[in-house]
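Using the sequences and the accompanying hints, generate a full structural model.
So that you can map any letter, position 48 of the sequence shown is 47 in numbering that gives the first Met the number 0, and since no number is skipped, the others follow by simple counting.
It should be emphasised that the hints constitute simulated quantities derived from the structure, not laboratory data. From the three backbone atoms N, C-alpha and C, an ideal C-beta is built for every residue, glycine too. Don't take each hint at face value.
Stated by the list, open to error - Okay, the calculated beta carbon distance ranges per label pair:
{"no.": "1", "residue 1": "Lys143", "residue 2": "Val43", "range": "17 to 27 angstroms"}
{"no.": "2", "residue 1": "Glu199", "residue 2": "Glu36", "range": "23 to 33 angstroms"}
{"no.": "3", "residue 1": "Thr59", "residue 2": "Glu36", "range": "18 to 28 angstroms"}
Stated by the list, open to error - List of simulated lysine-lysine pairs, DSS-like, C-alpha gap at most 30 angstroms:
{"no.": "4", "residue 1": "Lys54", "residue 2": "Lys149"}
{"no.": "5", "residue 1": "Lys79", "residue 2": "Lys126"}
{"no.": "6", "residue 1": "Lys115", "residue 2": "Lys195"}
{"no.": "7", "residue 1": "Lys159", "residue 2": "Lys130"}
{"no.": "8", "residue 1": "Lys53", "residue 2": "Lys152"}
{"no.": "9", "residue 1": "Lys195", "residue 2": "Lys141"}
{"no.": "10", "residue 1": "Lys54", "residue 2": "Lys159"}
{"no.": "11", "residue 1": "Lys92", "residue 2": "Lys116"}
{"no.": "12", "residue 1": "Lys53", "residue 2": "Lys149"}
{"no.": "13", "residue 1": "Lys54", "residue 2": "Lys195"}
{"no.": "14", "residue 1": "Lys116", "residue 2": "Lys46"}
{"no.": "15", "residue 1": "Lys53", "residue 2": "Lys159"}
{"no.": "16", "residue 1": "Lys149", "residue 2": "Lys130"}
{"no.": "17", "residue 1": "Lys92", "residue 2": "Lys152"}
{"no.": "18", "residue 1": "Lys137", "residue 2": "Lys46"}
{"no.": "19", "residue 1": "Lys79", "residue 2": "Lys141"}
{"no.": "20", "residue 1": "Lys79", "residue 2": "Lys53"}
{"no.": "21", "residue 1": "Lys159", "residue 2": "Lys143"}
{"no.": "22", "residue 1": "Lys130", "residue 2": "Lys143"}
{"no.": "23", "residue 1": "Lys116", "residue 2": "Lys54"}
{"no.": "24", "residue 1": "Lys53", "residue 2": "Lys115"}
{"no.": "25", "residue 1": "Lys141", "residue 2": "Lys126"}
{"no.": "26", "residue 1": "Lys141", "residue 2": "Lys159"}
{"no.": "27", "residue 1": "Lys79", "residue 2": "Lys137"}
{"no.": "28", "residue 1": "Lys79", "residue 2": "Lys130"}
{"no.": "29", "residue 1": "Lys195", "residue 2": "Lys159"}
{"no.": "30", "residue 1": "Lys152", "residue 2": "Lys116"}
{"no.": "31", "residue 1": "Lys46", "residue 2": "Lys141"}
{"no.": "32", "residue 1": "Lys46", "residue 2": "Lys159"}
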Amino acid sequence: MAPKRKVKTKEVSPKKKRTAPAASQVFTRWLMKSEPESRLQNGVEMKFSFDDLKKEPDQTTCWDGVRNYQARNFMRDQMKVGQSAFFYHSNCKDPGIVGLIEIMREGYVDHTQFDKKDPHFDPSCTKDNPKWMMVDVKYVRKLKRFISLKELKTLHLEHKESGGPLRSLALFTRARLSVQPLTTEEFDFILSLEDKDPEEQ
0 MAPKRKVKTK EVSPKKKRTA PAASQVFTRW LMKSEPESRL QNGVEMKFSF DDLKKEPDQT
60 TCWDGVRNYQ ARNFMRDQMK VGQSAFFYHS NCKDPGIVGL IEIMREGYVD HTQFDKKDPH
120 FDPSCTKDNP KWMMVDVKYV RKLKRFISLK ELKTLHLEHK ESGGPLRSLA LFTRARLSVQ
180 PLTTEEFDFI LSLEDKDPEE Q
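As structure tokens, this is what we get:
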């Protein structure tokens with residue numbers, strides 16, 4: 000999840016830099032989920048929309064609060080500066096892809112794991128032994144049209160039968176992940192949808 004606020008923190012580094020296992024698939028495109036509607040957790044506002052990102056200084060912020068090991072591993076091991084990601088509005092009335100963002104800083108320690116007042120505080124973590132990572136992302140542009148979860152699901156089901164590009168889309172095969180990998184084929188196909196009328200597909 001994207002941050003509630005921009006926080007300057009002292010740099011904390013893991014003891015050892017890890018790399019992705021040689022046998023794992025390497026991804027260079029992503030889908031990242033955030034909540035566009037107001038929701039309080041422990042008195043803290045969790046909302047962070049695509050428009051909120053655009054209003055950040057330099058339209059850039061840290062993507063903190065990820066508390067899933069697989070999602071963390073993607074950010075820690077595979078996300079690189081310059082890679083593209085879709086910004087996805089989740090946990091809302093109309094979930095779907097709204098825009099494009101760019102990775103601006105590779106994985107580093109997520110400060111919220113140490114903050115007792117933060118909803119993402121993890122008492123098992125210490126600055127000598129951090130567990131959770133984050134990256135920095137920058138607003139690129141809004142898509143020409145909103146690409147809904149409903150539209151993507153319809154295409155996913157069609158492609159499962161036909162062998163099309165979205166046949167194994169993580170949005171449906173790894174639905175709980177807030178940071179999801181995309182193949183180049185999946186990313187390019189989804190991006191091409193912004194120029195197509197969903198009623199004519």
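Structure-based check of each hint:
1. Lys143 - Val43: 17 to 27 angstroms: 34 angstroms, violated
2. Glu199 - Glu36: 23 to 33 angstroms: Since Glu199 and Glu36 have Cβ atoms about 30 angstroms apart, the given range 23 to 33 angstroms holds.
3. Thr59 - Glu36: 18 to 28 angstroms: The hint (18 to 28 angstroms, Cβ to Cβ) holds, given that Thr59 and Glu36 are roughly 23 angstroms apart.
4. Lys54 - Lys149: Holds. Lys54 to Lys149 sits at ~28 angstroms (cutoff 30 angstroms).
5. Lys79 - Lys126: 24 angstroms, holds
6. Lys115 - Lys195: 47 angstroms, violated
7. Lys159 - Lys130: Between Lys159 and Lys130 the Cα gap is close to 36 angstroms, so the pair fails against 30 angstroms, i.e. violated.
8. Lys53 - Lys152: 28 angstroms, holds
9. Lys195 - Lys141: Between Lys195 and Lys141 the Cα gap is close to 15 angstroms, so the pair holds against 30 angstroms.
10. Lys54 - Lys159: Given pair Lys54, Lys159 is violated - Cα atoms ~39 angstroms apart, limit 30 angstroms.
11. Lys92 - Lys116: 28 angstroms, holds
12. Lys53 - Lys149: Roughly 26 angstroms between the alpha carbons, so the hint for Lys53 and Lys149 holds.
13. Lys54 - Lys195: Cα-Cα ~29 angstroms, so holds.
14. Lys116 - Lys46: 17 angstroms, holds
15. Lys53 - Lys159: 35 angstroms, violated
16. Lys149 - Lys130: Not OK: Lys149 and Lys130 at ~35 angstroms, beyond 30 angstroms, violated.
17. Lys92 - Lys152: Holds - the C-alpha atoms of Lys152 and Lys92 are around 16 angstroms apart, at most 30 angstroms.
18. Lys137 - Lys46: 17 angstroms, holds
19. Lys79 - Lys141: The given pair, whose Cα atoms are some 22 angstroms apart, holds under the 30 angstroms limit.
20. Lys79 - Lys53: 21 angstroms, holds
21. Lys159 - Lys143: 26 angstroms, holds
22. Lys130 - Lys143: Not satisfied, since the Cα-Cα distance of roughly 38 angstroms exceeds 30 angstroms.
23. Lys116 - Lys54: 24 angstroms, holds
24. Lys53 - Lys115: 28 angstroms, holds
25. Lys141 - Lys126: Roughly 37 angstroms separates the two Cα atoms, so the pair is violated.
26. Lys141 - Lys159: 28 angstroms, holds
27. Lys79 - Lys137: 13 angstroms, holds
28. Lys79 - Lys130: It holds: about 19 angstroms lies between the C-alpha atoms, which stays within 30 angstroms.
29. Lys195 - Lys159: Answer holds: Lys195 to Lys159 is near 21 angstroms, not above 30 angstroms.
30. Lys152 - Lys116: Not satisfied, since the Cα-Cα distance of roughly 37 angstroms exceeds 30 angstroms.
31. Lys46 - Lys141: Cα-Cα ~18 angstroms, so holds.
32. Lys46 - Lys159: 34 angstroms, violated
Going through the hint list in order, the structure does not satisfy hints 1, 6, 7, 10, 15, 16, 22, 25, 30 and 32.
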